[in-house]
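A.B. asks: Spelled out, the chains give:
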Amino acid sequence: MAVAFDEMNIPGGELRPAYEVLARWLKETPAEALAYRHQEAELLFRRIGITFAVYGEAESTERLIPFDVIPRIMSGKEWALLEKGLKQRVRALNMFLRDIYHGRDILRAEIVPDDLIFQNPVFRPEMNGQQVPHDVYVHIAGIDIVRVDAEDFIVLEDNARTPSGVSYMLENREIMMRLFPDLFARHKVAPVERYPDELLAALRSVAPQSASGEPTVALLTPGVYNSAYYEHSFLADKLGIELVEGRDLIVKNNEVFMRTTEGLKRVDVIYRRVDDDFLDPLTFRPDSVLGVPGLMSAYAAGNITLANAVGTGIADDKAIYSYMPDIVKFYLGEEPILKNVPTWRCREPKDLAYVLDNLGELVVKEVHGSGGYGMLIGPAATRATIEAFREKLKRDPEGFIAQPTLALSTCPTCTASGLAPRHVDLRPFVLTGSKHTTIVPGGLTRVALKEGSLVVNSSQGGGTKDTWILDE
Amino acid sequence: MLSRTAENLYWLARYVERAEYLARTIDATLRVTALPAAYIGKTNEWDSALLTAGVAASFYRTHEEANEHNVIDYLSFAVDNPSSIRNCIEAARLNSRSVRTALTSEMWDTINSAWIELQAVWSKGSSTREDLAKFLRFVQETSLRFDGSAYRTMLRNDAYWFSRMGLHLERADNTARILDVKYHVLLPEEEHVGGPLDFYQWSSILRSVSALTAYHWVYRETLKPWLIADLLILNDTLPRSLASCYGNLVRNLDQIGVAYGRQGPAQRHARGIRNRLEHSNMNDIFQHGVHEFIQEFITDNSRLGEIITKQYLI
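Line by line, the protein sequences are chains A and B.
With the numbering used here, letter number 328 in the first sequence gets 328, and the count goes up by one each step, no holes.
With the numbering used here, letter number 117 in the second sequence gets 117, and the count goes up by one each step, no holes.
Since the hints were derived computationally from the structure, they do not count as laboratory data.
Computed from a predicted structure; not experimentally measured.
We put the CB at the ideal spot given by N, CA and C, even for glycine.
Just a sample of chain B residues kept apart from chain A, beta carbon distances all over 10 Å, derived:
| # | residue |
| --- | --- |
| 1 | L30 |
| 2 | D73 |
| 3 | E90 |
| 4 | Y183 |
| 5 | R207 |
| 6 | A214 |
| 7 | D236 |
| 8 | M282 |
Below, in silico cross-link-like pairs of lysine-lysine (BS3-like), each with a Cα-Cα straight-line distance of 25 Å or less:
| # | chain 1 | residue 1 | chain 2 | residue 2 |
| --- | --- | --- | --- | --- |
| 9 | A | K84 | A | K329 |
| 10 | B | K310 | A | K265 |
| 11 | A | K87 | A | K188 |
| 12 | A | K350 | A | K392 |
| 13 | B | K310 | A | K252 |
Model the full structure from these sequences, guided by the hints.
C.D. replies: What follows is the structure, given as structure tokens:
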């Protein structure tokens, strides 16, 4: 594996410009002071209750995501390029979804194979021909980006269903500003705090035509036991909208209402953090109590906007991912600004043969997996694991893709033995309303806390950092 | 606001109030039982602590007899007692989590910090008297902080009023219960009135509702049963009296009625109870029977809870 790109140091000892001030400050700051701040941050997170739930563990079902106090810094110029690339990608994602559920030009042009769509469990035939308000499907996208060298940002994954983590982006910043006012005074960090305002504006802008003058927006959560519940309540609070559960909503005459102390009140836009499968027991899983019976018929009648739309999973599927560069070109007629990781589609015999021959060097992922589960990291796996995976692959080649192990960039991070480089990725959040696509400068930086580890997922012991975009 | 949110706020306030009341009850009982036998007579104070907490029946399902050790544990820490202090704080925190959007950060911080301390320090119970005293103080401080932060930071809207309603309804219930369990010592016809035995019983009643000092300010007299009853039932300057709780309940319900532009059965029922309290005097109550009066009140009070639930919370 290639040597990872160090975001702070140029090999030979020189500093990259964005990190100059931070490096000086780190030199002046005694290690104990840093450790003390670290503890303080942890205490704050615990007190504020910024936790996530871990499934399948009886004890301590609420956990903190470890927070690293050393910020990850990016220059304004680097960000500008990223921003452009992200907007381009999300525009294409939205056009792709509209096309898949309507004209299907891209299938006719044979750019994406039919069966990848129609045999995909996340494809929603209920959405065929369904008009979605303002043709926006992915109102909130979380695009996972990794950096491999000074020039290249690569998209690792498009999260187009219900991406989470934005509360950490906002809370990390709050806590950093509380703990390190001096460090902020020495930098010009672009603010992220207008995210909730922009989200609300985007959600309001996509209200259905039948909405009254001031559309009512609500956030639908599966409830307090959901792993991202903290984020749901945090966002509802910042947006000043009701945080509703399925049992708070009722559908009457194809309109959606919430039960309030003053009687029923109509809801126009639902920012839903409940997966498609659980939205409406009449249409999807009948055993689900998280959703709202009749919601899909209100949706079909055009009386409610769901954000994100139903059926967006087809766009963030890992099998579709490998076609994203072609998708961007097809709809926008532009070269994609952000690259993809080279991807072997195991469904194609040639690719499968290559993957089977090189398992030891590749990362193999389940097409429908998420959160770092069910993947093989070849270079870090034992021989036996690789052989077991080989059998799985042969049995179900369509279920997998493979990618080279990327040398994710590293950032200085607090560890038990002092500052050390650790691998990071970045999840910026892209908002799409009826008129604009916007991004606040920054995102959630996730960091693999174990030495050498490439797994940044919080469910696998990863942590987070504040992400600073310098305003030059 | 969402009915579920209102319901959570209402119950959240009730749980916090109940936890505080239990802490006060334990505190007051400990004081009485620490006295030499001649001062307390033969009554089992721990038994009456269970009765005022309204958990005697469930306690005796699993315990033979009530003593200091098992009652304190049952009221404070028992997991199988849904009304134990620990479970009240757990429930308050769960309710808070599901209505975080309706709480101010100060209120959330109070409950969440208390819950964290409960997990970290008190999850195993307390081993010594000193520990117990600390625990009871911690519970009372939590309630004070919660109440204070609600008072100082919440918008004066329906969220505030529903939460206050829970508080006053629970508080009225607690005061009524302690009166009901101790009504026999408040009967003026009893023999030995004014002996040391009664004195400590009376002062423990006042301590349970933190009104001992208030009594002296209001009446400037030694402890007398009918004055204690007057203070706890009819004196609306005492925040825990039935009259004061109902003054507040009527006010909160009116505020909601005005905000929503609609009055309903809850407003009418609360006003009825308040009027009865306003037009009673202690003579009539003693004539009628303290026990009967309190029993009726407890029934009326929980009826109000049901009406509020039906009108707003479901």
